[in-house]
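Asks: Please model the complete structure; the sequences and the hints are all you need to start from.
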Amino acid sequence: MRQAGKLGLNQETIGRCRTLARRVVDVLMPDIRARSTDSCERAILRFWGVEGPVAGSDVPLVNAVVDSLKREGRIQGGVAAPVAALMAATGLEAGEVCARLVAGDLAWPASEACVTHTVLDQARRLTEAGFERIRAAAASRKDLEQGREAPLPWLYVIVATGNIHEDVKQALSAAEAGADCIAVIRSTAQSLLDYVPEGATTEGFGGTYATGENFRIMRAALNDASQKLGRYVRLVNYASGLCMPEISVLAARHGLDMLLNDCLYGIIFRDIHRMRTLVDQFLSRAICASAGIIINTGEDNYLTTADAIEAAHTVLASQFINESFALEAGMPPGLMGLGHAFEVDPAVEDSLLYEIATAQLTREVFPDSPIKFMPPTRYKSGDVFYSHVLDAMFNLTSVLTGQHIHLCGMPTEAIHTPFVHDRFIAIDSARHIRRAARSLGGDISFAPDGFVAGRARDVLQKAEKLLDDIAGVGLLKALSDGVFAETKRPPDGGRGADGVFLRSESYLDPFAGRTARYD
Amino acid sequence: MRQAGKLGLNQETIGRCRTLARRVVDVLMPDIRARSTDSCERAILRFWGVEGPVAGSDVPLVNAVVDSLKREGRIQGGVAAPVAALMAATGLEAGEVCARLVAGDLAWPASEACVTHTVLDQARRLTEAGFERIRAAAASRKDLEQGREAPLPWLYVIVATGNIHEDVKQALSAAEAGADCIAVIRSTAQSLLDYVPEGATTEGFGGTYATGENFRIMRAALNDASQKLGRYVRLVNYASGLCMPEISVLAARHGLDMLLNDCLYGIIFRDIHRMRTLVDQFLSRAICASAGIIINTGEDNYLTTADAIEAAHTVLASQFINESFALEAGMPPGLMGLGHAFEVDPAVEDSLLYEIATAQLTREVFPDSPIKFMPPTRYKSGDVFYSHVLDAMFNLTSVLTGQHIHLCGMPTEAIHTPFVHDRFIAIDSARHIRRAARSLGGDISFAPDGFVAGRARDVLQKAEKLLDDIAGVGLLKALSDGVFAETKRPPDGGRGADGVFLRSESYLDPFAGRTARYD
Amino acid sequence: MTNSSIIGPYGDTLGDGQVQLSFTLPAPHGPKAEEAAKQLLARMGFKDVRVAVSRDIGGGFTFFVAYGRTSQTVNLDEVTVDPVLELEALGMHEVDDLLAGEFERPIVVVGACIGSDAHTVGIDAILNMKGFAGDYGLERYHMFDAHNLGAQVEPEELIRRAVELDASAILVSQVVTQKDAHIHQLARLVELLEAEGLRDRFLLIAGGPYISNALAKELGYDAGFGRGAKPSHVATWIARRMIEEERTAD
Amino acid sequence: MTNSSIIGPYGDTLGDGQVQLSFTLPAPHGPKAEEAAKQLLARMGFKDVRVAVSRDIGGGFTFFVAYGRTSQTVNLDEVTVDPVLELEALGMHEVDDLLAGEFERPIVVVGACIGSDAHTVGIDAILNMKGFAGDYGLERYHMFDAHNLGAQVEPEELIRRAVELDASAILVSQVVTQKDAHIHQLARLVELLEAEGLRDRFLLIAGGPYISNALAKELGYDAGFGRGAKPSHVATWIARRMIEEERTAD
Ligand code: B12
Ligand code: B12
Ligand SMILES: Cc1ncc(COP(=O)(O)O)c(C=O)c1O
Ligand SMILES: Cc1ncc(COP(=O)(O)O)c(C=O)c1O
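Chains A, B, C and D supply the protein sequences, listed in that same order. Residue numbering for the first sequence follows this note's numbering, beginning at 1397 and increasing consecutively. Residue numbering for the second sequence follows this note's numbering, beginning at 1397 and increasing consecutively. Residue numbering for the third sequence follows this note's numbering, beginning at 426 and increasing consecutively. Residue numbering for the fourth sequence follows this note's numbering, beginning at 426 and increasing consecutively.
Bear in mind the hints are in silico, worked out from the structure with no lab data behind them. Hints should not be assumed to be uniformly reliable.
Said to hold, decoys possible - Computed cross-link-like contacts, PhoX-like style, restricted to lysine-lysine with a CA-CA straight-line distance of at most 20 Å:
no.	chain 1	residue 1	chain 2	residue 2
1	D	K555	B	K1884
2	B	K1884	B	K1873
3	D	K604	C	K472
4	D	K655	C	K457
5	B	K1861	B	K1873
6	C	K555	A	K1884
7	C	K555	C	K655
8	B	K1858	B	K1873
9	D	K457	C	K655
10	A	K1873	A	K1884
11	A	K1858	A	K1873
12	B	K1624	B	K1538
13	A	K1873	A	K1861
14	A	K1538	A	K1624
15	D	K642	C	K472
16	D	K472	C	K604
17	D	K472	C	K642
Note that the structure is predicted; figures quoted are calculated from it, not measured.
Replies: Take a look at the structure:
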């Protein structure tokens, strides 16, 4: 995916941006490491194999257990130690311990009982087994992909019927039509749920609930399709909102390939408490890193509200920050699907040149990352013919600039979540252009003092300036000033605030020593 | 329209191609000049102002007059001298003389009466008046265009309802939507009619008859539109088939701006007798040249039957020949809308690069000509969404390579002659891309040893070779070998053969001395 | 067609009734699916049906692009346009003047995207200073005191704030329509208001790309604004309605 | 839908009946035209009509893109496919063998684009050596003697040549369909053949992108081949029919 630089970018400026982004992140890391969240605790239990609902209810067992510990006032010590202690004491499986805890058949052990070597050993063994499960799922994905590699850019489409069974039908049609990645869009507002629903679901709005069972159903269907088509089809979902780490665990277990996962999206777009998101994203990414799951960051969303010409540098600055947070969580660049988008107003003269410039810039600044390129959405029109051509220009830009993950735009973007043939039409066009323009990028160069190169340099410079400002005031202040997506998030408040807590001294972190900054 | 060369073409090769094409044409010119045709004779009468049908019939007066002279066995002397003689003798207008000749109220004068100074004077005056009328029409077009110049590339659409009144509605919609040129497509098989129908017509198939009255109706509508929109809208028709010179006269008189007109099309695609077409095209172009009418040549058609990759050089070779014939008829390069097309099979890898290469090549080889670029037709599908994207790639290629006359492809090309909204959709997309990619061509360059530049050089070399072959065997032999469009036309036969004749020594050519090769 | 006000679709000849359609059938690609598509089009009432293409889109589905003629027409003279759409929008100053002539204090309006909907751009366009397409939002009017609560606000919360601020009008935005999400959420707000006996206290206005005045009224709202609505249009409607109510109250 | 063989259009949920439409109304752009479009769609029988866009396309016309649900369905089990389409094509050698088993001399076939039509690519695809999509044309078959007269051949001329060559089959291509050009020209050939008492002497076959077997038969032809027809398919049909006729003649 590495291309020789065509924009004559100043490598020192790029280096300074990285340094600044690291400074932004470094300042926050102590605060992040000092904390855990409800979802992190639940993720630990899930990682250890706890699953399913409380008997006779819809409530996930992990929620009931963590809530119970909170009621005890002992959440600061974390859930790992007491559960491990009970397991050691009873010889029961983690799930069984949790079930009994919730049923009241077991009581939380005394604090002292939680800091023994036995407990530590038990926790270590559980964590090891968790990693084993994840690695096994990752290995079997790799096996399936072997000899079935999809061409670049990967064509990525969404399914969003709200019903997992309809989603499967649509996914199979898409895979046959040439889709390389299938993303099951989540129901509106799932990101605000402080739990992961259970079971196969058929009742979402504008998307289908992310549940372990839905993951399993879709992955099984795509495994069959991959085999049948001789082309590995990736499965994508969202580790975003209030349950980032839990969804990462479920995804890792069920062999998902990619997750939408951003260090700031929840804060900016879902008004989620800042520390909640920062702590959650860290664990979720550590899990993705060990499962080889590619994350997709959400900078593209900035341009659905901010102007793509004015705000292009905010996308780039944010990508550096996302990159730095991801490195911190142990993620290699090869797993960072940094997001950007094709959202310049087509009424602007030379809009395509603006798009090519930022697409090429992103490609060159992050040469080792599987860049995710999002199609136009805000300037789509109900005129499906017009919208389809806008997507064609996007498709061309993507191929021309060597993007990696190519989200296919839908002609009906301004109308409805995709019908089965909308997706087909979109894939058909993307394939057509991928074939027709295959070598175009390699064949052309941009005038050193021309529009494209000049625009790219300009955006890079502005991003450096912005990162410098952010490093100056700190990320949290910058967010409350509304630097991204024209959205201001005040220092306090936001959803899920009551789910963040400081770790006590006795907090047992089962992942301690298992994550290290990737360098 | 001139661009600095981006392909590193060998200017000497281009020069040799021109020399070869001139050789091809030079050999034929004596034969062409030695002949006239029924349509040339009718064109002379039309040029002198004879119009309308024979009273009480549908037969154009000019046909009746020329047929009458043929029946006399005196066509070799041409129609000019005897008609001028009768005018001089009777003091009647040309039209009146013709009407009476046909009615039998006047008889053809004796041959001797046709070679007097009075006759020559009369003919000279009539011809002068004819040029005056044409120049007046051209001047009023120029006036209207003044300050209302359309941007490049000119967006050109067809109307083809078969009914001139519906055509007007569709043309007005198109002009408002942004069309810069409106071509009224002719009814199937009009090109095989050895006369130009009369009056306003409503009964064409797949097109509307080209008649003087239809020209007038549409030009009047477009004049209003040009005024209203502040953008001059050009009117296009066809001087092709068996009546090339006559239609040129009618078009010149009614203020048309462009005519499809090719030195070989009739031979290749309509099986018209070779000498008939060669003689007709010469006079028709001489008229276009004095009226400032841009011609559109038909090489694009080659690629509807021959393969666009294999046969690209035949298009280029033919353009050189069309250019040379046009120069011979006194036409400046600025009036030569040399045609080519976007017809590479989209199933071919890198099809877009092939297209860009030939489009850029054409642009650079004929830098002063208003190149006419035709959209994909043969690989269009009934899937209008697919077809619309193919046109988008064409639109992009056109803007990128600086084409001049841009025929908008229709999403419904593979289905029906355009509906009113098909045209809108097409124009909308072409405008969108023209705006979005405005400066792209100026911003990029092609790798000197890359795909595009290499392909362009290759096509140029093959064209030189082909021209060399044609110059060797002669154009007529080459045509019977099927060098163009994979169509073989045997030396004799073809439609309209009985309408060509050798000029006698007493032949009076009213245009003698009025045309000279343009250099 | 004898009367030119009686119109139908137009392809290239008046009265030809030409319509383009596309759809998918859950049937494997092949002559049978194509025949089924033709029969279906005939049953929909189309004449001279032409299936321009049928494509295998995978998963056992076939996609069709087709053309046909409809003989249906409408009489333009009998078509009546929704009164909200016909209302002529005043300029910002005119609205302010109109309201200032009648009321002493600015009209309080509260807006939000309710329920799960997080598409704030539409409500922002109506309420925020910046407005939409060069037309200023209600915040900029002297005679409006606009409160925009943003995304994913629960109906209960919206009502609480409206009461607290003593608002005259509640504006809600609904953009997601899949599985009728907008209908459910809009209906729920009305139910809650009615349950609390507060329905008559507010002008209740809905908006979103697929909201029409007719739909909004059906759901118990006072008005609905759709695709492309402008702040000045909404402001004019509120002003006229407030003044009317004020006067009938007198 | 209870029976899975009863199918209707599918958007994203079985049975949703979703159809996309586009068309133009001869009415100036505005709320009235949009309302007219909605009413028209309702009259066409669509439910939940959504006009996604209305655009001013100039000249007093408005273009619409719309979605609606149809409740029409077809029962796939009851759909019968045209026998010509169902005929399984043999390979070139098989056809040759079949014919060689029955006839001594190659079957003479004459083809042309008749009337004003100059689209030869289709008839060339069927008759010329090269064929179509990798399927050889009739010229290449040992047991066919194919004569392709090319474009714009007058029906009189085609009949004259068919008689002269003592052809067994006449193949005509018609591509231009505007204002029913194809119907007029195809009908004219049949009339002429009948007038001259020659109709029964030839197998008469029509082809073109909008020709179906049903249409061809209606016009008095023995068979019709449409979009995407392959030479081997046509060859198989002719061979089977020739043999059948030969045998019944015996
Ligand atoms: C921007 C955008 C987003 C942004 C929103 C950012 C933000 N802060 O608003 C982001 C990226 C976050 C987003 C997310 C999602 N989106 Co979204 N999004 C869009 C997009 C591209 C543009 C919408 C927009 O801003 N339009 C511009 C405004 C000005 O227009 P408007 O809303 O119609 O408002 C006008 C009028 O309707 C009216 N109006 C609107 N509200 C009100 C209220 C009142 C009181 C009045 C008087 C008038 C009024 O006035 C406005 C000015 O004229 C559309 C696609 C498109 N091009 O339309 C999809 C779209 C709306 N999104 C969609 C979906 C499904 C989602 C998701 C649910 C997907 C998912 N599962 O993840 C998520 C979740 C969001 C959620 N929980 O609601 C669908 C909805 C499908 C449907 N018909 O049901 C769309 C159509 C895309 C698609 N084809 O799938 N989205
Ligand atoms: C190539 C082409 C031309 C070439 C033709 C060159 C040539 N030597 O044939 C040129 C440039 C000359 C041309 C000119 C015109 N064309 Co043209 N042309 C096309 C085009 C692009 C492709 C047609 C084609 O070759 N298809 C490929 C062949 C293989 O497919 P086919 O014909 O369907 O044949 C298959 C089957 O139908 C069947 N078949 C066909 N014939 C027969 C016969 C028998 C016996 C059998 C068994 C089977 C059979 O088998 C074939 C193989 O599967 C189409 C648009 C498109 N993409 O479809 C327009 C199109 C056909 N042309 C059209 C028109 C209107 C014209 C003109 C009249 C325009 C004008 N007024 O100037 C002119 C005049 C031509 C005339 N007098 O007929 C229209 C017809 C509209 C309509 N439905 O009425 C089309 C659809 C374009 C459009 N949208 O306007 N054209
Ligand atoms: C990182 C990220 N998370 C989540 C979402 C989806 O939104 P929601 O919060 O409704 O799941 C997006 C939107 O595309 C995104 O980019
Ligand atoms: C030069 C030229 N003449 C004529 C035509 C049209 O064909 P016809 O001979 O039917 O008028 C074309 C086709 O596009 C053409 O390029």
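Asks: Does each hint hold? Answer for all of them.
Replies: Hints versus structure:
Between the alpha carbons of D/K555 and B/K1884 the distance comes to roughly 16 Å, so the proposed pair stays at or under 20 Å and holds. With a C-alpha separation of about 10 Å, the suggested pair B/K1884 and B/K1873 falls inside the 20 Å cut-off, and the hint holds. Distance restraint check for D/K604 and C/K472: the Cα-Cα separation of roughly 15 Å lies within the 20 Å cut-off, and the hinted pair is therefore satisfied. Of the supplied pair hints, the one linking D/K655 and C/K457 holds, its CA atoms being roughly 18 Å apart against a limit of 20 Å.
Pair hint B/K1861 plus B/K1873 holds up; C-alpha atoms about 16 Å apart against a cutoff of 20 Å. A hinted pair counts as satisfied when its Cα atoms are at most 20 Å apart, and C/K555 with A/K1884 qualifies at roughly 16 Å. Under the criterion of a C-alpha separation no larger than 20 Å, the hint pairing C/K555 with C/K655 is consistent with the structure, at around 12 Å. Restraint check for B/K1858 and B/K1873: satisfied, since their Cα atoms lie roughly 19 Å apart, inside the 20 Å limit.
Distance hint between D/K457 and C/K655 is fulfilled; the C-alpha atoms sit about 18 Å from each other, no more than 20 Å. The suggested pairing of A/K1873 with A/K1884 holds, with an alpha-carbon distance near 10 Å, which does not exceed 20 Å. A C-alpha spacing of about 19 Å is found between A/K1858 and A/K1873, which places the hinted pair at or below 20 Å, so the restraint holds. Taken as a hint, the B/K1624 and B/K1538 pair is honoured in the structure, with Cα atoms around 16 Å apart against an allowance of 20 Å.
Distance restraint check for A/K1873 and A/K1861: the Cα-Cα separation of roughly 16 Å lies within the 20 Å cut-off, and the hinted pair is therefore satisfied. Proximity of A/K1538 to A/K1624 is assessed by CA-CA distance (about 16 Å); at most 20 Å being required, the pair is judged to hold. A threshold of 20 Å between alpha carbons decides the hint, and for D/K642 with C/K472 the separation of about 19 Å falls inside it, so the pair holds. About 15 Å separates the Cα atoms of D/K472 and C/K604, which keeps this hinted pair within 20 Å; it holds.
Between D/K472 and C/K642, the direct Cα distance comes to roughly 19 Å. Compliance with the 20 Å bound is thereby established for this hinted pair.
Consistency note: the structure conflicts with none of the earlier hints.
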